[in-house]
Amino acid sequence: MEVTGKLLTMVLAILLFVAVVGLILFIAGKVEHRRGNRVAYVFLFPSLVMLAVGLLYPAARTIYQSFFDAAGKAFIGLDNYQTIFTSSDQLLVLRNTVLWVVVTPFVATAVGLLYAILVDGARAEALSKALIFLPMAISMVAASIIWKFVYAFRPDQPGIKQIGLLNQVVVWLGGTPQQWTLNAPLNTFFLIIVMIWIQAGFAMTLLSAAIKAIPDDIIEAARLDGVNAFGMFRFVTLPSIRPSVIVVLTTIGIGTLKVFDIVRTMTGGNFDTNVIAYEFYRQTFNASNQGLGAALAVLLFILVIPIVVYNIRQLRASEAR
Amino acid sequence: MNGKRRHTGRIAVATGASLLMLLAACSSGGTSSTTTTGATSGTTASGECAAFAAYGDLKGKTVDVYTGIVTPEDQPYMDSYKPFEDCTGAKINYVGDKAFETQILVRAKAGNPPDIAIVPQPGLLQQLVATGAAKPAPQAVSDNVDKFWGADWKAYGSVDGKFYAAPSGASVKSLVWYSPSEFTDNGYKVPTTLDELKKLSDTIAATGKKPWCAGIGSGEATGWPITDWMEDFMLRLSGPDVYDQWVTHKIAFNSAAPTAALDAVGSYLKNDAYVNGGLGDVKSIATTTFQDGGLPILDGSCSFHRQASFYASNFPKGTKVAEDGDVYAFYLPGVKAADHPVLGGGEFNLAFSDRPEVQAFQTYLSSDLWANTKAKISSESTGGGWISANKGLDVANLTNPIDKLSATILQDPKTVFRFDGSDMMPAAVGSDAFWKQATAWITGQSTQDTVDKIEAAWPKS
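Quick note, the sequences are listed as chains D and P, same order. Under the working numbering, the first residue of the first sequence carries the number 1, and numbering increases by one thereafter. Under the working numbering, the first residue of the second sequence carries the number 1, and numbering increases by one thereafter.
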């Protein structure tokens, strides 16, 4: 296409956009005088259309595709789903996903909570918080690269220097360097650590805010009753921030189900570390198996729904307080 | 750099360097079109334009080229298009995209293909032709390929007997990197048969040194260097005919010949006495990136590294790659000294349009003129790293010793060339099961399990 043609298309697109917005505003202006509620529907309409085109249609199409074969031509019913729950490769993917979802949210939340309580009211609180919050600002790919260096392996031979932090520590302690990302199922935990490193800061921030929101009189009353530190945590802090803890848990849980970047960057799904979110991409693009890829995507979608629903309900509950 | 580009390109943003790559993708993923047309035509002597007279006046016409070749390798491409632009008046719009290999399929299926795509694998070429969007090559291109390449290369650019795409660049994979000074110091001779290679490996192993080093890590493409190893041994131990049957699945992946080939690879790569010089035990091959795999040659921790011609660019700046330099490569020998099987790769120019200017440009790209122009420009601007299997390519136009060696190997009439097998197999095998199982194999899975699992992954049709 020529440059002028491109410019023309651009101008046309902008004009179209302006026209659509103008039309909406025009209709909204007309309707406003009569009924208040209808205005909302008028403004809702464009986003509904975009949701339908950008979300609902692809979702429906993915579900449809999941009943077809690798090339997307022949209808094969539930065969793809059967593959997911019977082939040993796919079962391994499921097992790893379960490991991720079970371990990551709880450990990350626990670490975040512990940290939030420890630094609460301490000197240099802001600085300590900023330090643990920093990994949140790093992309998952970048974090994975950092941890790849931490786990890097070099043999313990004369003339060879360790380049990985973890193995250097091991050598200093008199051990032999290990290939941390190689041996299943331990390697999945080493990958999970990366996710925890990223998410603990998020948990800490939200929980710290919740802790600070606990009314002082409750704490005063508990102190007067003579509770010790653990009692304070068990009977005052935790019940008060329970909705926040659940929101954090479920939010990290949703993020963990979708973990893709870490697995892709650190092991490429090799050495039995694959998870659903990465396997569906791999099946679709590497193996050219559209059907199985779509089925995995649908499975991921189904798995994430209950967590999302629970998350929203808790979020509303905590806001209602 | 064909092999490296092929494997990293195939999977868009591949490995640890993702951050940098992302930046690169951002900066080059858009349009990086050639700029001036016509303006420089005054400097071009009319004699140089004589070769383009047949294409006629194409002023005002544009040809879109879409490829996975991005900066810095894209510049020599754009420069090599200049003479065509200057002489015919046509404009070539070059777009390099790291996500080429997934995007080109999307574009072809969506009815928005480029005029010409530079396709790095025959398997992908077949997928693209299957979308129905590709156009068969014009007669002039077909004639050029008959003249300059030969039946084997023509077959790689054909689908169901119909010829679509002429080869562009090429790479030689059957190379073993070594240290020339180590050879002179110890009186080693470059082996001319596989037996001699084994004997030399044993001799070196007897001194307490691990002779071989290897790395197969490549992000989600981890494992591909083993597929190249296996293809090389398949070609050597069973010959080109059985190799062809293996690639096209006329014989099963778990039949005798492929199993023997993988076992032969295992006698090197899974041999504790042989690997992994300077990098650890056998399993460390799986976690070492292919870029790092051959570097221990430089510090003397290992002697051999089997990798394609593009590997020259992986050595740090200042490394002298030459017969009398720090590193050089020899041809991975056959069973007998007289055998000359060569494994290689290459790209193809596939057209999605049959407009006259597109066909004219396609014809230019399939000519010896373009091959020599491109070789000269690559040698001057990026120090080489580009060759073609075009027989019209004058080896004198290559300055890099490895390019010279590779081009000589490709043009040797005794050479029996075969294209990288995993690139021709269906994606479910070639870029999935084969890589994955090869990785499992190096970390301990038995040869039989490995070939059985790859065979099971072959699409049923």
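Hints should not be assumed to be uniformly reliable.
What the hints assert, rightly or not - Quick list of in silico lysine to any residue cross-link-like pairs, SDA-like style, CA-CA up to 20 angstroms:
id: 1; chain 1: P; residue 1: Lys59; chain 2: D; residue 2: Leu165
id: 2; chain 1: D; residue 1: Lys212; chain 2: D; residue 2: Met140
id: 3; chain 1: P; residue 1: Lys460; chain 2: D; residue 2: Asp89
id: 4; chain 1: P; residue 1: Lys109; chain 2: D; residue 2: Phe190
id: 5; chain 1: P; residue 1: Lys109; chain 2: D; residue 2: Thr62
id: 6; chain 1: P; residue 1: Lys460; chain 2: D; residue 2: Asp261
id: 7; chain 1: P; residue 1: Lys404; chain 2: P; residue 2: Gly266
id: 8; chain 1: P; residue 1: Lys270; chain 2: D; residue 2: Lys129
id: 9; chain 1: P; residue 1: Lys376; chain 2: P; residue 2: Cys49
id: 10; chain 1: P; residue 1: Lys460; chain 2: D; residue 2: Asp272
id: 11; chain 1: D; residue 1: Lys161; chain 2: P; residue 2: Lys135
id: 12; chain 1: P; residue 1: Lys250; chain 2: P; residue 2: Asp160
id: 13; chain 1: P; residue 1: Lys414; chain 2: P; residue 2: Phe330
id: 14; chain 1: P; residue 1: Lys283; chain 2: D; residue 2: Thr176
id: 15; chain 1: D; residue 1: Lys161; chain 2: P; residue 2: Lys61
id: 16; chain 1: P; residue 1: Lys460; chain 2: D; residue 2: Phe190
id: 17; chain 1: P; residue 1: Lys283; chain 2: D; residue 2: Met136
id: 18; chain 1: D; residue 1: Lys258; chain 2: D; residue 2: Ile76
id: 19; chain 1: P; residue 1: Lys59; chain 2: P; residue 2: Thr289
id: 20; chain 1: D; residue 1: Lys73; chain 2: P; residue 2: Ala130
id: 21; chain 1: D; residue 1: Lys161; chain 2: P; residue 2: Lys82
id: 22; chain 1: P; residue 1: Lys270; chain 2: P; residue 2: Asp281
id: 23; chain 1: P; residue 1: Lys109; chain 2: D; residue 2: Gly72
id: 24; chain 1: P; residue 1: Lys109; chain 2: D; residue 2: Gly54
id: 25; chain 1: P; residue 1: Lys414; chain 2: P; residue 2: Leu194
id: 26; chain 1: P; residue 1: Lys250; chain 2: P; residue 2: Gly266
id: 27; chain 1: P; residue 1: Lys317; chain 2: P; residue 2: Thr71
id: 28; chain 1: D; residue 1: Lys258; chain 2: D; residue 2: Ala142
id: 29; chain 1: D; residue 1: Lys148; chain 2: D; residue 2: Lys129
id: 30; chain 1: P; residue 1: Lys453; chain 2: D; residue 2: Arg123
id: 31; chain 1: P; residue 1: Lys460; chain 2: D; residue 2: Ala71
id: 32; chain 1: D; residue 1: Lys129; chain 2: D; residue 2: Ala213
id: 33; chain 1: D; residue 1: Lys161; chain 2: P; residue 2: Asp292
id: 34; chain 1: P; residue 1: Lys61; chain 2: D; residue 2: Thr62
id: 35; chain 1: P; residue 1: Lys209; chain 2: D; residue 2: Leu165
id: 36; chain 1: P; residue 1: Lys199; chain 2: P; residue 2: Lys283
id: 37; chain 1: P; residue 1: Lys82; chain 2: P; residue 2: Ile377
id: 38; chain 1: D; residue 1: Lys148; chain 2: P; residue 2: Thr289
Calculated from the structure, these hints are not laboratory results.
(message) Lys460(P) and Asp89(D) were given as a pair; does the straight-line alpha-carbon distance stay at or below 20 angstroms?
(response) holds, 18 angstroms
(message) Holds or violated: Lys460(P) and Ala71(D), Cα atoms, limit 20 angstroms.
(response) holds, 11 angstroms
(request) Would you check the hint for Lys109(P) and Gly72(D), treating anything up to 20 angstroms between C-alpha atoms as holding? (result) Satisfied, since the Cα-Cα distance of roughly 13 angstroms is no more than 20 angstroms.
(message) What's the verdict on Lys161(D) and Asp292(P), does the C-alpha distance respect the 20 angstroms limit or exceed it?
(response) Answer holds: Lys161(D) to Asp292(P) is near 15 angstroms, not above 20 angstroms.
(request) Below or equal to 20 angstroms on CA atoms is what counts here, so check Lys209(P) against Leu165(D). (result) With a Cα-Cα distance of about 27 angstroms, the restraint between Lys209(P) and Leu165(D) is violated, given a limit of 20 angstroms.
(message) For a C-alpha distance cap of 20 angstroms, please report whether Lys283(P) and Met136(D) respect it.
(response) Not OK: Lys283(P) and Met136(D) at ~33 angstroms, beyond 20 angstroms, violated.
(message) Lys414(P) and Leu194(P) were given as a pair; does the straight-line alpha-carbon distance stay at or below 20 angstroms?
(response) holds, 18 angstroms
(request) Take the C-alpha atoms of Lys129(D) and Ala213(D), compute the straight-line distance between them, and say whether it is at most 20 angstroms. (result) holds, 17 angstroms
(message) Between the alpha carbons of Lys270(P) and Lys129(D), is the straight-line distance 20 angstroms or under?
(response) Between Lys270(P) and Lys129(D) the Cα gap is close to 49 angstroms, so the pair fails against 20 angstroms, i.e. violated.
(message) Hint check: Lys404(P) vs Gly266(P), CA-CA at most 20 angstroms. Holds or violated?
(response) violated, 31 angstroms
(request) Would you mind confirming whether the straight-line C-alpha gap from Lys109(P) to Gly54(D) stays at or under 20 angstroms? (result) holds, 19 angstroms
(request) For the pair supplied as a hint, Lys212(D) and Met140(D), confirm whether the alpha-carbon distance does not exceed 20 angstroms. (result) violated, 29 angstroms
Going down the numbered hints, you'll see the structure goes against 1, 2, 4, 6, 7, 8, 10, 11, 15, 16, 17, 18, 19, 21, 26, 29, 30, 34, 35 and 36, while the others check out.
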